[in-house]
Amino acid sequence: MTRLAVIGAGVMGEALVSGLLRAGWSSDAIVVADRRDFRRAEMTAAHGVRATGNAEAAAEADTVILVVKPQDVGAVLPEIAPVLRPGTLVVSLCAGVTTAQLEGHLPEGTAVVRVMPNTPALVGEGMAAVSAGTTASEADVAHAMELMTALGKAITVPEAYQDAVTAISGSGPAYLFFVVEAMIDAGVLLGLPRDISSTLVQQTVFGSAKLLVESGQHPTVLREQVTSPGGTTAAALRQLEDHKVKAAFLTAMEAARDRSRALAG
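To convert a position in the sequence shown, counted from 1, into the working numbering, add 257.
By construction, these hints were calculated from the structure, which means they are not laboratory data. Keep in mind that the hints are not guaranteed to be accurate.
As the list claims (entries may be wrong) - Simulated pairs of lysine-lysine, DSS-like, Cα-Cα distance not exceeding 30 Å:
hint	residue 1	residue 2
1	Lys503	Lys410
2	Lys326	Lys410
3	Lys410	Lys467
4	Lys503	Lys467
To be verified - Per label pair, the in silico range of CB-to-CB distance:
hint	residue 1	residue 2	range
5	Leu479	Pro343	50 to 60 Å
6	Asp294	Pro415	35 to 45 Å
7	Ala302	Gly464	12 to 22 Å
8	Glu365	Ala431	36 to 46 Å
9	Phe435	Glu313	32 to 42 Å
A virtual CB, placed ideally from N, CA and C, is assigned to each residue, including glycine.
Take the sequences, apply the hints, and build the full model.
Here's what the structure looks like:
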């Protein structure tokens, strides 16, 4: 039996376990590790998976998935490196941590694959970008892709793209939630009850995203379809342009990319 160790039982770690179980993985094939006793107990109760310490989980696994904060990687790698069996694949979901950094602290020849997921994985609509380390084979990458598609969609990218991926899709949900929050507040400012404003905005965002994906149209075309000459939408967009909202988004994503690079330093 293929055994998978998920090290880190935070939000993304639990989303991964839940997605894999929905995709047909047996709970007997998954072991979860977390330094917090209460989280281990919660994972077992909620998902029926065994939970243990980092070293024990890694020692029995064919694939180890690291789902810990970047600042915690330095403490986790010395725990698992001595117990990894030859041929074990290590898949990292740790933002900003390069495959070279991981390979430098793991047994020589250990296959490493780097992944940047995002939080819509919690509802099976995640977006993940997968990059191979120096010794990862096509089969290793294919296995990582299989794991990530249990949470939504996945693509392969050169590792050099990962900082930009982090800025766009990794952090992207927060930008959209920020816009949604602003639109709901605007509805309240315009006199709508907050619950009505929330319903209007949530469905508008959901429907617009579905239209964008299913129509295959460029967003500029879809925007122009809503924008009548001299109309309400044109007036609103003029204000967004005057306040340089697009430029602000570009600057924000550059900052996210730069922070991702700094984390790797």
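Any hints from earlier that this structure breaks? Give me their numbers in increasing order, please. Result: hint 7 breaks, nothing else.
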